[in-house]
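Taken in order, these protein sequences are the chains called B and X. When the first sequence is numbered by this note's numbering, its final residue is 227 and no position is left out of the sequence of numbers. When the second sequence is numbered by this note's numbering, its final residue is 481 and no position is left out of the sequence of numbers.
Honestly, the hints are just simulated from the structure, not real lab data. Predicted, not measured: the structure shown is a model, and the values here were computed from it. Hints are supplied without guarantee of correctness; some may be wrong.
What the hints assert, rightly or not - Far from chain B by the CB rule (all over 10 Å, computed), these chain X residues:
1) Val128
2) Ile281
3) Thr354
What the hints assert, rightly or not - A few chain B residues that face chain X, going by a derived Cβ cut-off under 8 Å, partial list only:
4) Ser45
5) Gln49
6) Leu54
7) Arg81
8) Ser82
9) Asn93
10) Ile95
11) Thr97
12) Leu98
13) Thr106
14) Ala107
15) Val109
16) Pro110
17) Asp166
18) Glu167
Ideal placement from N, C-alpha and C gives every residue a C-beta, glycine not left out.
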Amino acid sequence: MYELRSVTKRYTRGKEAVHALDGIDLTIADGDRLVIQGPTGGGKSTLLQMLGGLDRPTSGEVVLDGTDLARLSEARLTKVRSENIGFVFQSFNLIPTLTAQENVETALVPLGVKAKERRERAAQALESVGLGERLGHLPGEMSGGQQQRVAIARALVRQPKVLLADEPTGNLDEGMRDEIMDVLERMWKELGLTFVMVTHDSAIARKAPRLATIRKGSITVRENAAS
Amino acid sequence: MFFTYLRRELRRRRRAALVVASGLALGIALVIVVDSVSSGMGKAQDTVLQSLYGLGTDMTVTKAASPTQDGSERPRFQFDARDDGSDEEQSSDRVMVRGFQTLSAATVTDVGGQNGVADAVGGLNLQVVKVSGQFTRGRFEQNGSGGTGRGPGGGQPSGEVKGGGAQFDVNSYSVFGTDVTKPALGPLTSSKITSGRAFTTSETDGKVAVVDSAYAKEKSLEVGSSLTVKGTAFSVIGIATADSGDPAADVYIPLEQAQTLADSADKVTTIYVKATDSQKIDSVKSAIQKNVSGTTVTTSTDLADTVSGSLSTASSLATTVGKWLSIVVLVAAFLVAGLLTSSAVSRRVREFGTLKALGWRSGRVTRQVVGEAMVNGLLGGVLGIALGLAGAYAVTAVSPTLQAQLGGGGAGGGSGGRGGFGGPGRQAASRTLDVALTAPVSPATVGLAVGLAVAGGLVAGAFGGWRASRLRPADALRRVE
Ligand SMILES: Nc1ncnc2c1ncn2[C@@H]1O[C@H](COP(=O)(O)OP(=O)(O)OP(=O)(O)O)[C@@H](O)[C@H]1O
Ligand SMILES: [Mg+2]
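Extracted from the complex, chain B is given alone in its bound form:
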């Protein structure tokens, strides 16, 4: 469960200050699914960074299950990330020189999982996203949709509580977009994740049960009874 209280994030570039987030209050319950949309530069990715402990807010609290991520040391934050949070990025962010299986294994490295178990779990995770045949393939040898599925397997292989996805379909064409959305939806349901996703896709946004819109650093949340 996330509780964000008056979270602000200010970037300074020279003399100019950008308020990427300007006093965000937000609660996300466990197992909830939140879709975030908004104009470019509105602060969506910045909010996701706060949720995932990739960066600290300039002020405010980002409480995950009773722990304020804003106050944790870098080492503790690293630990929280490795144990609780899975990321899926717009441009997949796979290591280009590692195979699909090895890419998934990188998520288990900080948990100290032994090599053999690591390989098995990575293979299983790839199997669950339909890539059981592609363990030894390099990212460059796979389509965008397949790469994103490897990234999803990497995010989920350590069974996190939270899955954060920043425009996971942004780099994909329409057919693959649906395919990836299906996988994500299925995983969310199967694993009981807290799932936060940024998207530009209005079709996806329309179907979302809970939709947040971020504009100039401010958030408005709308419950969508229709879905």
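Fit chain X with the ligands to the known structure of chain B by using the hints.
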């Protein structure tokens, strides 16, 4: 994961690795070549010095330079001028002590008793000038200078002078009186007996001689021939060939015989000293100089300072220009390797950011970068060593010839510039030697190269690692490329 990741990176980004490695390789190869050429120079100098000293000699002791005596010791020849038309040939041998300064035989014992001296042996260096020819009275008087036989003053040791009524040959050669009881020390050790035999230790006063092969050839001498010096006939028992091609003397005879010839009973010109520990030569030198008065001690280091010619030019080139060049190239290679590694990290910002976002500790990411740099460094080391060995081998294969001039009067210091026949200066009279340059690669050099490779890897790793350690997990979301 560390090794898998490392292996994958190096295999799939081979070209980047090769660029870093070859920069380092160039620097390391240069160090190997310069280092081995320098040691080749050292060896060449040793060869030069050994030709004077013999093997195993750490220093020589000679009489300290004293004020030059008058010319009374200069060679004088007495010839009876004949009447015009007489064909009678006259000849005369003058035996001179080279450098004119001698030490008493007791000094040898004295030096031998000093602390740190393993062995000391005396030797007497002689110069024999043989003048033979016809002299006719009338012309002789017209040409005064020819009369005393001074000949072409300060010129070549042998030549023919046709002056006035005198016509004569001058033949000058060097004779070394060696202590046959101690065959392990002294100048003869740098020659090999190539025919006949060496002196036996009992031949202390034998009328026997070992002749240098070059001189033997010139004078058609061989084992069994007879050689007459100032009326004494010596039988040639052996022919010696100098290792360096430049012998210390033309003829070697037992010390006592040499002393008799030169009217210098119990005198030696040079004492050859072997130290017990080659690391303590300087302290032995000062001990001798302090305790045995009136002596000058010359170590091979002192003598090396008097070496001139292309050998010393090349040698100082190798030690100065070569050293600086390799330092500059190395530093440049290190910097380039560092910058390339750092820029490689910059190109992989998102990759490392992602790993940090996945919960990799900063140290783990840094370790990965440093590991890659180390492998690049070692790769550079292997390439560099191969390149350097090839370079050193090429130098040895070509073995360019260098000339070494041993400065006149070096051993005694001081009274150079004496005129007379062949200018018999002091012991280390000016000589020119040809030495082939080699570039031997020692294990120490290879060790140094490996060390440099590791250092290069560390420098590159430090650059890259520092860059990687500063990346934030949020960089995973950076839009690069
Ligand atoms: N590291 C940074 N340094 C300075 N400014 C930044 C940084 N990251 C983001 N910003 C600024 O903060 C604001 C919000 O950026 P953010 O990436 O959160 O927007 P976004 O909603 O994700 O946009 P997009 O839809 O284009 O991804 C923008 O004005 C951006 O320029
Ligand atoms: Mg964004």
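Quiz item: What hint numbers does the structure not satisfy?
Solution: Those not satisfied are hints 3, 18.
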